[in-house]
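Trainee: Listed here are the chains, written in short residue letters.
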Amino acid sequence: MLKFDYIRPSSVAEAIALLNDSAYVSRPLAGGTDVLTYLHHYAPNFDRVVDISLLPELKTIRQTGDTISVGAAVTFTEITESELLQKAAPLLVEAAGFVGGPQIRNMGTVGGNVINAAACADSLPVWVCLEAVAYLRGASGERSLPVSQLVVQPKRTQLRAGELLTHFTFTVPPTGVKAAFLKLGRRNAQAISRMTMATLGRVSVNGQIDFIRLTPGATTPQTMRFSEVEAMLFGQVPSIALISAASRQVADSMIAITGRRWSTEYKEPVIMALAERALGRVLL
Amino acid sequence: MNVIGKSVKRVDALAKVTGQALYPGDRNYGNELWLKILFAGRPHARIVRIDTSRAESLSGVVGVLTAKDVPVNQHGLQVPDQPVLCGPGSNKRGGDIVRFVGDQVAIVIAETEKIAAKARDLIRVEYEDLPVVYTLDYAISHKAPQLHPNVPKNIAAYQRIRKGDADEAMERCNVVIEGVYHTPFQEHAYLQPEAGTAYMDDEGRITVHCAGQWTWEDQQQIAEALDLPTDKVRVIYDAIGGAFGGREDISIQIALALAVLRMYQQHGNRRPMKIIWNREESILGHCKRHPMTINAKWGVKSDGTLMAAIIEIFADAGAYMFTSNKVLGNAVVTCTGPYDFPDVKIDGYAVYTNNLVSGAFRGFGAPQAQFVAEMQMNKLAEKLGKDPVELRLKNVVTEDKTLAVGTTIPGGVSMEQVIREAAWRSNWRSRLGPRGENDPDFPEELPRLVNGRGFAAGFKNIGFSFGYQEESWAEVELRGQTEIEEVVLRIAGADVGQGHHTVMSQIAAEVLGIEVEKVKLEASDTATTQSSGSASASRLTLMAGNAVKEAAEFALRKWRRNDRPATAEATWLAPKTTPFDPQTGYCVPNFVYGYVAESVELTVDTETGLITVNRVVCADDVGRAVNPDQIVGQIEGAIAQAHGYAVLENFLMYKGRVLTPSLSTYLIPGVYDVPKRIDPIIVENPTPHGPFGARGMGEMPFIPYTPALAAAVFDAIGIWFDEFPLTPERILRGLGKVRSRLV
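Residue numbers (numbering that gives the first Met the number 0), protein chains in the order written: chain B, 0 to 283; chain D, 0 to 742.
Hints listed in this document are in silico derivations from the structure and should not be mistaken for laboratory results.
Computed from a predicted structure; not experimentally measured.
Even for Gly, the Cβ is constructed at its ideal location relative to N, Cα and C.
Among the hints, erroneous ones may be present.
As the list claims (entries may be wrong) - Chain D side only, calculated, beta carbon under 8 angstroms to chain B, not exhaustive:
no., residue
1, A168
2, H181
3, L520
4, E606
5, L666
6, G669
7, Y671
8, D672
9, R676
10, E728
11, L731
12, V737
13, R738
Can you build the whole structure from these sequences, using the hints too?
Mentor: Shown next, in the form of structure tokens:
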């Protein structure tokens with residue numbers, strides 16, 4: 000039998016205090032989709048779980064002005080079912096619908112997805128594409144940093160010991176911006192992403208691209224917007240030729256960062272196809 | 000007919016959906032000890048020394064068993080060529096040699112599973128590694144070490160057919176279709192990993208509860224390895240969570256029984272034993288579908304008449320025989336497809352290697368062999384510019400034509416009818432003539448999404464046969480006074496999830512003129528039932544069904560003579576068959592076959608390489624549909640499993656080691672991956688050999704799927720793929736977008 004303590008705080012403040020209690024090695028538990036899998040393979044490297052999954056402060060989805068706040072313990076199912084997010088952040092909703100299977104989406108949380116920082120995390124490119132900011136609270140107070148900086152590389156974040164990710168905020172993209180999230184796995188559900196593509200874009204009344212963001216997921220060690228691609232597109236009149244060229248640039252940018260690996264031969268043509276499709280959806 | 004032909008509710012449905020049914024891992028005793036098995040983890044080595052002292056001194060460990068503890072250290076379904084435990088002190092020659100990563104080395108018995116696992120990791124084994132034989136070419140070369148005594152060039156089985164003079168006939172053919180085909184491993188991936196419990200009962204019998212495919216054969220193998228009389232071993236099957244051939248051979252059965260025996264002998268300990276394999280242990284521990292390399296050459300007249308076939312089959316048997324000789328036999332008999340060739344030359348080899356053991360898997364050699372036959376047929380149609388369905392009908396076997404083995408096909412031949420049915424129901428039309436590089440009108444640049452359709456047929460023998468006398472036993476007891484109130488049906492056939500128990504209950508109910516609900520089953524217990532034969536080779540409905548029908552008929556006669564209770568047993572013996580003639584292959588290998596044909600419609604994404612199957616039409620002659628819903632379930636399930644084989648399931652081994660030991664690295668299809676629509680067409684062409692005319696059908700729908708899909712891919716993108724699975728990388732490589740063979 001596995002042995003460790005279990006405690007369920009009633010507030011974030013209490014959770015932080017528990018996590019900083021030096022008498023225990025504590026591990027926060029939200030959806031459990033990573034913690035439980037870990038325990039299937041390894042002995043616990045903690046002696047207490049702090050169950051944050053039901054803390055109301057971590058479960059809210061709220062809009063203030065044009066800023067949206069999403070609690071870290073919000074599940075993927077809650078994301079897909081949120082009318083607010085369906086309207087204001089369809090990119091996030093679309094991506095959440097691709098995560099794992101129904102059971103995983105019912106349990107898994109957006110905060111856990113980012114902090115676990117798997118290379119294939121589906122919400123990560125979305126947060127980066129939305130320029131979301133993550134709020135971290137620890138014993139010495141709260142700090143915030145962009146999600147693009149929070150996750151440094153797969154399995155490594157800037158979260159410090161005793162800190163808890165509480166929520167994300169992002170600015171609602173301007174009116175008329177279209178969103179596309181594409182996922183390529185080895186099968187159509189219950190699949191780990193091999194490559195994803197998060198894209199936001201808008202064409203102005205005079206026919207030029209006046210808003211464009213593109214973030215490939217599971218592609219580069221640090222998830223980031225591909226600024227060379229965005230620069231190529233911004234201010235231009237969208238066309239198939241332009242999108243093809245931009246997609247070529249996506250592949251080139253990826254290879255510039257990762258170098259050529261054994262999998263690149265497949266990934267190169269396929270990331271171009273994904274970029275073309277995603278850009279086509281938001282710009283054409 | 001009152002019950003036959005009705006989709007009655009499965010007799011096990013309520014217990015299974017409510018969680019009442021006990022699977023082997025669900026059986027608890029309160030005082031059981033737990034086993035963990037130490038696997039070798041290396042493909043070829045001699046075990047020099049095993050030190051179990053640290054494991055044995057761990058608190059909570061009751062015992063550790065090694066080769067020296069096994070009374071007769073060998074077992075095997077066809078040939079006893081596998082040690083029960085590998086290591087020094089074995090009383091059988093070669094018992095200290097590990098021949099694949101899943102060879103069992105030690106059994107730890109402990110108070111808990113966790114302690115057993117910890118103790119297993121404390122066992123120190125000193126190995127002396129030996130050269131690893133992991134390719135077929137190397138295995139049959141003179142350089143390779145011989146993996147088993149008296150098996151030169153590692154040829155575990157060789158079968159040949161010589162009908163007419165194929166070399167001479169080939170010379171006269173002006174159309175020749177030739178190919179080298181490779182088929183992959185496949186893992187059964189049943190829901191329930193191997194598990195079981197065992198104890199010594201009050202009569203001193205070692206009783207093993209587990210999940211298998213043939214209680215009687217498990218009992219024999221346990222008794223032989225433990226050097227016990229057969230009646231000192233009792234095997235009972237709990238609910239079985241899928242099998243597909245993967246439970247045909249021994250996994251945990253002997254280990255459990257050995258633990259019971261030795262703990263009793265050494266310590267007077269009578270506590271029950273329990274083991275549950277995790278998924279990784281299951282994947283290492285049971286067999287896989289045989290990978291095969293098949294060279295095929297067909298000679299054809301320009302009007303499309305098949306004249307000659309020259310075929311070489313190399314099947315990777317892995318480390319031990321399991322059922323390789325039988326699988327090879329099926330591959331040899333079916334590799335020319337359901338077509339008539341006057342001149343045939345076939346050489347089939349099953350080859351020992353240090354790879355995972357290959358064994359039974361739905362189709363039993365026929366999917367590999369007929370992938371080749373149907374690819375050849377579809378390539379021929381393309382080359383001649385003929386419709387592939389018409390070309391098949393022109394050459395199809397009928398009752399008066401002979402197979403490659405030189406004899407006609409018994410049991411009623413409906414291949415033509417089934418092909419016509421599948422073609423008609425799928426509204427078959429083909430693009431005639433060449434596609435791809437031979438087609439002047441083929442587009443230089445393919446659109447992003449391209450549709451294609453393909454057709455294939457298949458046939459397969461029902462039963463093992465080849466001279467083996469198939470038999471099946473059943474007993475029926477009628478209880479009541481003025482009317483039959485309850486029927487006890489004793490059968491041994493394993494309900495592996497296919498619905499066997501329901502079908503047998505229906506057959507008994509039909510004969511007796513009662514409702515299925517009155518039939519009470521006592522099944523799969525060697526203490527109360529004899530042998531019904533294996534739940535494999537699509538054989539149980541026909542063979543066990545005949546036994547149940549006869550037993551019910553006898554019992555009914557006794558009932559009418561006022562016997563109370565009226566009890567009768569029957570053993571049904573299949574019609575005689577004969578083995579291959581060693582020189583010519585001449586034989587009557589089987590007494591009945593099943594027939595199937597499929598069309599596949601799909602879309603290929605030429606940018607990502609992903610395949611989406613939109614529709615499958617499967618026409619399957621089942622003789623008589625005893626339970627139509629269950630047949631539809633078998634067709635849909637077989638096609639889902641075949642879809643994994645054709646497109647997704649990429650089992651990787653390198654130098655005898657498994658690179659995909661989990662279901663997160665070895666991906667089977669999910670519900671969003673399988674064909675969007677399957678139209679199962681049940682054809683009923685009764686066979687005189689089956690109960691109410693029923694044939695077997697569990698394997699058949701699997702067989703034509705891969706070649707039909709490959710033909711549809713060719714139709715879409717103009718490329719023949721002679722190996723699979725058709726992963727996105729393989730498709731893009733075919734399209735020239737990826738060059739490396741690594742991806």
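Trainee: Under the criterion of a CB-CB separation shorter than 8 angstroms, is L520(D) in contact with chain B as hinted?
Mentor: For L520(D), the interface hint is violated, since the closest Cβ of chain B sits about 34 angstroms away, which is over 8 angstroms.
Trainee: Would you settle whether the hint for E728(D) is holds or violated, based on the nearest Cβ-Cβ distance to chain B being less than 8 angstroms?
Mentor: For E728(D), the interface hint holds, since the closest Cβ of chain B sits about 5 angstroms away, which is under 8 angstroms.
Trainee: Against chain B, run the beta carbon of D672(D) and see if the smallest gap drops under 8 angstroms.
Mentor: Holds - the Cβ of D672(D) comes within 8 angstroms of chain B, reaching about 5 angstroms at its closest.
Trainee: How about Y671(D): closest beta carbon in chain B under 8 angstroms, or not?
Mentor: Holds, about 4 angstroms.
Trainee: Mind checking the CB of G669(D) against every CB in chain B and telling me if the closest is under 8 angstroms?
Mentor: Interface hint status for G669(D): holds (5 angstroms vs cutoff 8 angstroms).
Trainee: Checking hints one by one. Is H181(D) an interface residue toward chain B, by the C-beta closer than 8 angstroms rule?
Mentor: Interface hint status for H181(D): violated (20 angstroms vs cutoff 8 angstroms).
Trainee: Given A168(D) as an interface hint, is its Cβ closer than 8 angstroms to any Cβ of chain B?
Mentor: Violated, because the Cβ-Cβ distance from A168(D) to chain B comes to roughly 44 angstroms (cut-off 8 angstroms).
Trainee: Let's test the interface hint: is any C-beta of chain B closer than 8 angstroms to that of L731(D)?
Mentor: 6 angstroms, holds
Trainee: For the hint on R676(D), does the least C-beta distance to chain B fall short of 8 angstroms?
Mentor: Given a least distance of 15 angstroms, the restraint on R676(D) is violated.
Trainee: Can you verify the interface hint for L666(D): is its Cβ closer than 8 angstroms to any Cβ in chain B?
Mentor: 5 angstroms, holds
Trainee: Mind checking the CB of E606(D) against every CB in chain B and telling me if the closest is under 8 angstroms?
Mentor: Holds, because the Cβ-Cβ distance from E606(D) to chain B comes to roughly 3 angstroms (cut-off 8 angstroms).
Trainee: Should the hint that R738(D) touches chain B count as held when the rule is a Cβ pair under 8 angstroms?
Mentor: 7 angstroms, holds
Hint compliance for this structure: hints 1, 2, 3 and 9 are not met, and every other hint is.
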